[in-house]
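Top to bottom, those sequences are chains A and B. For the first sequence, UniProt numbering gives the first residue as 1, with consecutive numbering after it. For the second sequence, UniProt numbering gives the first residue as 1, with consecutive numbering after it.
FYI, nobody ran anything at the bench for these hints, they're computed from the structure. Among the clues, some could well be false.
For identical chains, the list gives no copy identity; a pair is met inside one copy or between any two copies.
To be verified - Cross-link-like lysine-lysine pairs, in silico, DSS-like; alpha carbons within 30 angstroms at most:
# : residue 1 : residue 2
1 : K73       : K50
2 : K138      : K43
3 : K116      : K197
4 : K182      : K5
5 : K116      : K5
Protein chains: 2
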Amino acid sequence: MSTYKLTYFPVKALAEPIRFILSYMDKEFEDVRFERENWPTIKPTMPFGKVPVLEVDGTQLHQSTAITRYFGKEAGIAGKDNWEALQIDIAVDTIHDLRQAISSFWYESDENVKEKKRNEVLKDVVPFYLNKLDELVKSNGGYLANSALSWGDLYFIAISDYLSHMAGIDIFENHPNLKSLKDTVLGIPKIKAWVDKRPKSDL
Amino acid sequence: MSTYKLTYFPVKALAEPIRFILSYMDKEFEDVRFERENWPTIKPTMPFGKVPVLEVDGTQLHQSTAITRYFGKEAGIAGKDNWEALQIDIAVDTIHDLRQAISSFWYESDENVKEKKRNEVLKDVVPFYLNKLDELVKSNGGYLANSALSWGDLYFIAISDYLSHMAGIDIFENHPNLKSLKDTVLGIPKIKAWVDKRPKSDL
């Protein structure tokens, strides 16, 4: 049996999809959450100086999307053929485009630049993406792709608190199909068990 | 036989990986390059208001990485198992992290902010990533992953002119393993044939 050790800041954000998929697969993992003051020491020990990093039997893996996709395949929730896998990948990278737009102001240090970007992104980009994603889920029987649960759905719902926190809104408000997808994913018993026991954090 | 229609600006950038993989597979495609002045008209007709978009038998696909991965699987250059596919995905998303860092100043409209970001990114981020990627290729027998050609190598080399142009440097200079990978990919006869006949553009 493989051993899993996940290293990240003490938040959900980009590590949470890995926590979701490992929980979904009923795999135990060591959930290492370091304090921000220790990051300068930890950073040089990570493959490309970034986290989350998942060690599988001592081998360091980075890139949360790639890792979640890998386990999604292993779990059998990555589409029934290459075309279906493509539809999941498209949806997930679209969510990353939304995330990048929100991150572009959230991680901006100059307050004037931040405010200008925030206004642009919240006025146009965020509503556009959320409406389109809501339509996508509606047209896919309540899921992001292929009218079936996939690792993409787990990825999206796992980072949704992070997106809402950065944007300063509840991304599910007025988006009934996204809200329904959230309820579906959080209703999966193994996901629910994880969410009930995980440490509390804002993002 | 499927028909392929690719729509993008008149540049290489994010469409070039799709052009590379379709050329590698010897698939004919319509290469629609619209002028920037027509973008406002075209934008609302695209799935999430972005390009490149590839129409396969009339079905619109977006997200260049997802599309290139899909064809990579169909072409048999996507790893021999899930673990190998993961290594390719990690490498490609790492290249996207590098691209995002470079894009963060390239697409900045405020000249003061742009200059400050450019200095930070070119001084630290770009050399760090290029050195690490050079090591990665060295340790993988001349490829990004698994000591074998993959769609990830095609993706990287296809966008390399875009990366160099935005960064204002030749990303292959002083990175002999990356340069060797470039020569390998551009030496593939079907890729060479495409590169020889493609329209010229800076990025």
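Against the structure, the hints come out as follows:
no.: 1; hint: K73 / K50; result: both (24 angstroms within a copy, 28 angstroms between copies)
no.: 2; hint: K138 / K43; result: between (41 angstroms within a copy, 23 angstroms between copies)
no.: 3; hint: K116 / K197; result: neither (39 angstroms within a copy, 43 angstroms between copies)
no.: 4; hint: K182 / K5; result: within (27 angstroms within a copy, 35 angstroms between copies)
no.: 5; hint: K116 / K5; result: neither (40 angstroms within a copy, 37 angstroms between copies)
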